[in-house]
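Q: Quick note, the sequences are listed as chains A and B, same order. Just add 3 to wherever you are in the first sequence, counting from 1, and you've got this note's numbering. Just add 2 to wherever you are in the second sequence, counting from 1, and you've got this note's numbering.
Worth flagging that the hints you see were computed from the coordinates, not collected in a lab. Heads up, some of the hints might be wrong.
Said to hold, decoys possible - Facing chain A, according to a computed beta carbon distance under 10 angstroms, are these residues of chain B, among others:
#, residue
1, Pro36
2, Leu48
3, Asp51
4, Lys73
5, Val89
6, Ala102
7, Lys107
Ideal Cβ positions, reconstructed from N, Cα and C, are used throughout, including at glycine.
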Amino acid sequence: DSGVTQTPKHLITATGQRVTLRCSPRSGDLSVYWYQQSLDQGLQFLIQYYNGEERAKGNILERFSAQQFPDLHSELNLSSLELGDSALYFCASSVASIPAGELFFGEGSRLTVL
Amino acid sequence: GENVEQHPSTLSVQEGDSAVIKCTYSDSASNYFPWYKQELGKRPQLIIDIRSNVGEKKDQRIAVTLNKTAKHFSLHITETQPEDSAVYFCAASKVNSGYALNFGKGTSLLVTP
Numbered sequence: 004d005s006g007v008t009q010t011p012k013h014l015i016t017a018t019g020q021r022v023t024l025r026c027s028p029r030s031g032d033l034s035v036y037w038y039q040q041s042l043d044q045g046l047q048f049l050i051q052y053y054n055g056e057e058r059a060k061g062n063i064l065e066r067f068s069a070q071q072f073p074d075l076h077s078e079l080n081l082s083s084l085e086l087g088d089s090a091l092y093f094c095a096s097s098v099a100s101i102p103a104g105e106l107f108f109g110e111g112s113r114l115t116v117l
Numbered sequence: 003g004e005n006v007e008q009h010p011s012t013l014s015v016q017e018g019d020s021a022v023i024k025c026t027y028s029d030s031a032s033n034y035f036p037w038y039k040q041e042l043g044k045r046p047q048l049i050i051d052i053r054s055n056v057g058e059k060k061d062q063r064i065a066v067t068l069n070k071t072a073k074h075f076s077l078h079i080t081e082t083q084p085e086d087s088a089v090y091f092c093a094a095s096k097v098n099s100g101y102a103l104n105f106g107k108g109t110s111l112l113v114t115p
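Produce the entire structure from the sequences given, and follow the hints as far as they go.
A: Here it is in structure tokens:
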């Protein structure tokens with residue numbers, strides 16, 4: 004158990020819909036990272052938050068947004084869903100704002116868009 | 003941002019043989035290089051990392067080497083065992099920068115008994 008909690012574990016929805024994925028970092032970790040994992044693309048970095056503020060942005064689509072709340076949990080919002088958005092979405096956390104140490108990954112949220 | 007290339011995408015070895023996975027990176031300022039292992043259906047977990055001030059690091063059967071001049075680093079697994087079968091991801095990052103870990107596309111390692 005990494006200490007990072009993600010909900011829901013599985014989600015099935017239709018194209019055009021909107022979903023919210025939730026992540027609670029390890030106790031004491033201030034940084035939250037979101038990654039998308041699809042079969043042929045490996046782990047794609049989406050976005051990082053540190054203590055409530057956006058710290059780094061990767062290949063995140065405009066239809067996607069995220070935020071980190073004062074209690075440090077984070078939400079990833081995916082809207083106008085397309086078939087290609089089906090993937091495993093991982094949240095990870097770390098103590099520092101820079102990934103100079105281990106990222107602790109949650110178990111992931113598997114999104115299926117039909 | 004950093005671009006990390008990883009090869010091979012799949013690797014099959016017999017139990018007891020060695021396995022080598024190679025990665026290259028684009029940003030010469032990158033100075034932190036971790037390797038993550040992801041077993042089937044599980045989350046990625048850190049297995050070893052190296053910083054740019056060292057050329058090699060070992061942890062039991064696992065070692066990582068770094069060639070800063072050529073901008074590549076490699077994971078070496080000796081005496082492979084079936085439980086080493088997993089997907090391995092390399093990553094690179096620039097400490098004291100703003101961007102997070104950028105991963106390679108992964109290598110699926112299969113160790114056959």
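Q: Return the status of the interface hint for Lys107 of chain B: holds when the least beta-carbon distance to chain A is below 10 angstroms, violated otherwise.
A: At about 4 angstroms, which falls below the 10 angstroms cut-off, the nearest Cβ of chain A leaves the hint on Lys107 of chain B intact, so it holds.
Q: Under 10 angstroms, Cβ to Cβ, is where Leu48 of chain B needs to be relative to chain A, so tell me if that hint holds or is violated.
A: Holds, because the Cβ-Cβ distance from Leu48 of chain B to chain A comes to roughly 4 angstroms (cut-off 10 angstroms).
Q: May I ask you to test the interface hint for Lys73 of chain B with respect to chain A, counting a Cβ-Cβ separation under 10 angstroms as satisfied?
A: Given a least distance of 19 angstroms, the restraint on Lys73 of chain B is violated.
Q: Under 10 angstroms, Cβ to Cβ, is where Pro36 of chain B needs to be relative to chain A, so tell me if that hint holds or is violated.
A: Holds, because the Cβ-Cβ distance from Pro36 of chain B to chain A comes to roughly 7 angstroms (cut-off 10 angstroms).
Q: When the nearest CB of chain A is found for Ala102 of chain B, is that gap smaller than 10 angstroms?
A: holds (4 angstroms)
Q: Could you check if Val89 of chain B really has its C-beta closer than 10 angstroms to a C-beta on chain A?
A: holds (8 angstroms)
Q: Would the stated hint for Asp51 of chain B survive a check requiring a Cβ distance to chain A of less than 10 angstroms?
A: For Asp51 of chain B, the interface hint holds, since the closest Cβ of chain A sits about 8 angstroms away, which is under 10 angstroms.
Consistency note: the structure conflicts with earlier hint 4 alone.
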